[in-house]
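Undergrad: Chain residues, written in single-letter form:
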Amino acid sequence: MRIDQTHRPWVIATVALAIVSTVAYVVYAVEAPAGPRGGSAMGLTFGIVGYGLMLYAGLLGARKRVPTWRIGRAQTWMRGHLWLGLLSLLLILFHGGFAFRGPLTLVLMLLFFIVIGSGILGAAIQHYVPSLMTSRVPLETIYEEIPHVRAQLREEADQLAAAICGPLNGSTEEQTQSVLVEIEHDDRERFREVYLRKVRPYLANPETQGNELGDPLRSGETFEALRRLLAEPVHGVLDDLENICEEEQQLSRQIRIYRWLHAWLLVHVPLSIALLVLGAIHAVMALRY
Amino acid sequence: MSDIQLTIDGLQVSVPEGTSLFDAARMNGIAIPTLCHQQNETPVGVCRVCVVDVEKARVLAASCVRPAENNMVVHTNSDRVQRTRRTLVEMLMADHPSPCARQRNSNDCELETLARLEGITEPRFPRRISPRGQDSSSLVIAVDHEACILCDRCIRGCDEIRHNDVLGRRGKGFMAGIAFDTNLPMGNSSCVSCGECMVSCPTGALTNKSVVQTVLPGEPVDVDELQQLSYFQKVSGTFLELNKNAVVRRHFRKGEIVCREGEYGSTAFYILEGQAEVSLATPMAHVNTESHGTGFLGKMTSRLFGRQQERRSEEGRRATIPIDAPVDLPYDHPVAMLGPGDLFGEMTCMSLYPRSATVRAATDCVMFEMLRNVLDIIQRNKTLKAQLEANYRKRALDDHLRSVPMFAALDQEFIDILRDKVELVRYTKGDVICQQGDIADSFYLIRLGFVKVSEPHPGGELVLAYLGRGGYFGEIGLLGGGVRTATCTALDHIELVRIHAEEFHRMVERFPEVRRSLETLVQERQQQNRQRLATATSMPLDSFLTQGLMDAQSLLVMDLERCTRCDACVRACADAHDGVTRLIREGQRFDKYLVATSCRHCSDPLCMVGCPVGSIRRRNSLEVIIENWCIGCGLCAKNCPYGNINMHPFTVMENDPVNLGRQMAVVKQKATSCDLCTDLEEPSCVYACPHDAAHRVEPNEFFRWVGTPLAPGSTEKAARRT
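Chains A and B supply the protein sequences, listed in that same order. So that you can map any letter, position 187 of the first sequence is 187 in my numbering, and since no number is skipped, the others follow by simple counting. So that you can map any letter, position 687 of the second sequence is 687 in my numbering, and since no number is skipped, the others follow by simple counting.
Please note that a few of the clues may not be correct.
[Stated by the list, open to error] The list that follows gives simulated cross-link-like pairs (lysine to any residue, SDA-like), each with its CA atoms no further than 25 Å apart:
hint : chain 1 : residue 1 : chain 2 : residue 2
1    : B       : K592      : A       : L17
2    : B       : K592      : A       : E246
3    : B       : K592      : A       : I71
4    : A       : K64       : B       : L560
5    : B       : K592      : A       : I273
6    : B       : K592      : A       : I255
7    : B       : K592      : A       : T6
8    : B       : K592      : A       : A41
9    : B       : K592      : A       : I244
10   : B       : K592      : A       : L90
11   : B       : K592      : A       : P167
12   : B       : K254      : B       : G341
13   : B       : K592      : A       : I3
14   : B       : K592      : A       : V129
15   : A       : K64       : B       : K638
16   : B       : K592      : A       : S252
17   : B       : K592      : A       : G210
18   : B       : K592      : A       : E247
19   : A       : K64       : B       : L680
20   : B       : K592      : A       : P103
21   : B       : K638      : A       : I244
22   : B       : K56       : B       : E17
23   : B       : K234      : B       : R127
24   : B       : K385      : B       : A574
25   : A       : K64       : B       : D567
26   : B       : K592      : A       : L121
27   : A       : K64       : B       : G341
28   : B       : K56       : B       : P97
29   : B       : K592      : A       : R8
30   : B       : K592      : A       : R259
31   : B       : K668      : B       : L560
32   : B       : K592      : A       : R73
33   : B       : K56       : B       : Q5
34   : B       : K592      : A       : S131
35   : B       : K592      : A       : L139
36   : A       : K64       : A       : S252
These are computed hints drawn from the structure, not numbers from a lab. Just so it is clear, the structure is predicted and the values come from calculations on it, not from any experiment.
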């Protein structure tokens, strides 16, 4: 989600609530004879409201599972999740009086900081990275379709190569008979070697580190060198192969950026669930004992 | 009557008075070649190939028209005659496309045979420079004006033998040719397809169109037997012989399926005996958002899902589903009966549309199954045409008239008066029914086929609508100033119910409520047309036009700088539509926006052309929706140029034909496309996007965004507007 001027009402509301809470907390902390404590009325109020906000923030996941329910637009829920979730940290800190007594509380606060931290990181990533994806992956496809697109690209490249040097696995006679572009035999063999040694392995495993065709700069240099090496009629096919390699590079880039966009959720979501569960346990234990 | 004595080629002969030299020679075993003359037609002597040398005569005479005279001495094969005949044949061959169609098909072109006998291989004369052209408008007869030698045999066949008076001459001298009616294409003329002209033609100018290479299952029907039927009586036997494989008799046992909805076919059926039940077998399951709940729980869930009251007010009037038969099916119980004399499957046969309904023999039935050439012959037969028109007037005209919103509430008296006033007219593919600016002289209701309504526009043609069976046009011109405001063109073989202007005006004067509703409708239509033209004229970018986005009424646009590729939109769409998504987050990019693959509700909705049951249509609010009686033929998906309509299999329960009384699960295909979540407050994809990235926008709005910073809240406004 892009955090722009449309978030202003949420920012104002959050800051206002934070100021009110802070004033209340300062007054309460100054006047409380034993100092601020979670078990006091004020401390419990901060705790309950803070946990309520945490629960609300956590419900975003549930809300996404029922996208057609008319219980508020998803973007409203998302904004609430961001800003009220952030506010909940302050309230929970006020609830504990900035002290983390006991192992459960310590774990809870540690989890809370990680959850909030990963959330802020996620918000930042989702603010900046979509633009990066848009500008750097013009040929973006649906993430789940990438393996299928790659298979198509491989097939297309094989067909292009076969037009120059005949069937890649066929006999020499078959190879000579089925070529569509007439070039010298030596050039044909050279092209075959380059295709089988460099291009095909890259297209088969585009995620392999260090492959020169996986790097835009080196890939360009490689194809330029091939153009100098091979006869003119092959250049059209080389252009097409270079485009295929470039699309592969973009797909690899898309995978990387996509992982960046969503990988933080692997930390944020499970820890949020753990936090809510432990928070509930903490509340029961604190009230009961 | 006294006999005449004369000498032909040295032979003394005696013939009755009035006999032509040609006949006199023939009666005495002397053959004179000819092209324009036939025994059963009045001789006209236009080809002059039958010239003979009459002693003491100044010039050679055409034997077919020159009567025999006493003491005449005639030479049919003198050098002079041979030279002349050869020159004539050579001149005719100079303009003849050799081999012509007849020569190619049956090797019996009379002119080419004659040329061969005369030993003419290459004419000395130059060929005609300007072509005279072909006419392929008739379904059964191909016309090649290039091969015509102007012998007039076809004209005499049409006028003298069949008394149809359709054929005549056009042009003069070099530009002379045969013409149908007032020089109309043959298929558009009043030609009844009797085939006499084709049988009479000595060359390949009029030839039988070959039948589609389809072997029809069933019992072949004899030509003699066919000619006993009233609607084949006036058809040339030779012509029927040529087409006899195109019609078969079929016997169906009670309960047997004659044709199934959604199947492709190329034949029509004419019921001779028995009764057949026509129905829509596909269950009317909405491939759509779920229907409204009732009761407390239903209301609560409706509220939770944000469902609104049914907004399809215009659908409340829908009482029938149009099909390719002389009856329409009642919406609530889509079943009807057909009986002897009923013809069905015309659209499938003529335009190869999928079958619109399932027909099952209700009793043991005998039917003719025919290909389009035979269908064309019988459709042109005046007796059958009158019978079909009577059937239509009796059984479907009411429904069709009432399907027109402004006529929906009319009393029976109005319909009864109109019933006898209407005229049924036919057009073939590409015919312009009325042109913008023409005087408005009629109101039309579509009985068969599809009509394109368009307006010329600086950037090309702007399609205002595609109208199918039950659609109507022409009311704006009749009420709004007397001239046509748009051009209407036949997209395929169509049949229209025409109400003449005088009758129309008489009717609206007599029924003022009809006039009022018509005037309101005219205003609405004119307003819609103005809006569409405004949209079209304000599109600045070529790419926008070339991508077909100009056609769009509503685009699903993704702001790629906000979109985190979470696919919440896709999941929401699937969630709202029985688990089947109707959008794919992929498509054309414009700047930072992606126009997702989802129905654009085009202003030129090609998808609507050809739907055999009219289930894909545009609502008054302009979005294109697929109604629940979709039979799953897939034509709309094939027609959509943007791949935005998908066929999806659904498992539904149907009566088990084997175990009566039990139900079985069957998989049915239904077409699905974005319906803008019409019964929800807002499209689900937009509502469920947590990142404010998905928007439904109008094209104008969209282009105002491209290249300009987004104004806060503008997206929501745009989304709500659509």
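Undergrad: All hints, please: hold or fail.
TA: Hints versus structure:
1. K592/B x L17/A: 36 Å, violated
2. K592/B x E246/A: OK: K592/B and E246/A at ~21 Å, within 25 Å.
3. K592/B x I71/A: Roughly 30 Å separates the two Cα atoms, so the pair is violated.
4. K64/A x L560/B: 20 Å, holds
5. K592/B x I273/A: With a Cα-Cα distance of about 35 Å, the restraint between K592/B and I273/A is violated, given a limit of 25 Å.
6. K592/B x I255/A: 19 Å, holds
7. K592/B x T6/A: 18 Å, holds
8. K592/B x A41/A: 52 Å, violated
9. K592/B x I244/A: 24 Å, holds
10. K592/B x L90/A: 37 Å, violated
11. K592/B x P167/A: The hint is violated at about 42 Å.
12. K254/B x G341/B: 18 Å, holds
13. K592/B x I3/A: Holds, at roughly 17 Å.
14. K592/B x V129/A: Satisfied, since the Cα-Cα distance of roughly 13 Å is no more than 25 Å.
15. K64/A x K638/B: Outside the cut-off at roughly 34 Å; violated.
16. K592/B x S252/A: Measuring from Cα to Cα gives roughly 21 Å; hence the hint holds.
17. K592/B x G210/A: Outside the cut-off at roughly 32 Å; violated.
18. K592/B x E247/A: Given pair K592/B, E247/A holds - Cα atoms ~19 Å apart, limit 25 Å.
19. K64/A x L680/B: 18 Å, holds
20. K592/B x P103/A: 49 Å, violated
21. K638/B x I244/A: 30 Å, violated
22. K56/B x E17/B: This hinted pair holds, its Cα atoms lying about 20 Å apart.
23. K234/B x R127/B: 39 Å, violated
24. K385/B x A574/B: 50 Å, violated
25. K64/A x D567/B: 11 Å, holds
26. K592/B x L121/A: With a Cα-Cα distance of about 24 Å, the restraint between K592/B and L121/A holds, given a limit of 25 Å.
27. K64/A x G341/B: Roughly 60 Å separates the two Cα atoms, so the pair is violated.
28. K56/B x P97/B: Not satisfied, since the Cα-Cα distance of roughly 38 Å exceeds 25 Å.
29. K592/B x R8/A: Given that 25 Å is the threshold and the Cα spacing comes to 23 Å, the pair holds.
30. K592/B x R259/A: 21 Å, holds
31. K668/B x L560/B: Answer violated: K668/B to L560/B is near 37 Å, above 25 Å.
32. K592/B x R73/A: 23 Å, holds
33. K56/B x Q5/B: 17 Å, holds
34. K592/B x S131/A: Holds - the C-alpha atoms of S131/A and K592/B are around 8 Å apart, at most 25 Å.
35. K592/B x L139/A: 13 Å, holds
36. K64/A x S252/A: 28 Å, violated
In summary, the numbered hints that this structure violates are 1, 3, 5, 8, 10, 11, 15, 17, 20, 21, 23, 24, 27, 28, 31 and 36.
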